[in-house]
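**Q** Using the sequences and the hints given, assemble the complete structure.
Quick note on numbering: the working numbering labels position 85 of the sequence shown as 85, and the sequence is numbered without any gaps.
No false leads were mixed into what you were given.
Lysine to any residue pairs mimicking SDA-like chemistry, simulated, CA-CA at most 25 angstroms apart:
no. : residue 1 : residue 2
1   : Lys71     : Leu131
2   : Lys103    : Gln37
3   : Lys66     : Asn21
4   : Lys138    : Ile107
The hints are simulated quantities; they were obtained by calculation from the structure and are not laboratory data.
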Amino acid sequence: MKNMHYTRDNMAELLRGHDINPTHQRIEIAHALFSRQEHLSADQVMAIVNTRHSETSKATVYNTLKLFLEKRLIRELIVDPSKVFYDPNTTPHHHIYEIDSGKMSDIDADQVKITGLPPLPDNMVTEGIDLIVRIRNKN
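**A** Laid out in structure tokens, this is it:
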């Protein structure tokens, strides 16, 4: 869905496709995430949604983001314990986080090679690897 035009109508279809009941607020939250194709915090999502509909509470935004995560509609990126971003791009990729600006950018998975993973516990398999490269200005 990366190169499509995002409307509230196709957001409802997207939610249904992930077994999520497309309520008004869920559609608005999905639209905020997917129409921008950016890495947004929960507070940023709430601010975007509330520019149109000021009735969306913080609890609703957090609960909806949790639901979207459970249904694998979005990814959660924990930069540090106080900075969590939500990514509408669920294809395999990694990230660069600019500490000074707070900007998060995608890195194509093909541009990174990871070798030498440690042995996994019995009956465990690797589900994925999330790499965040943190950068800052030299000075």
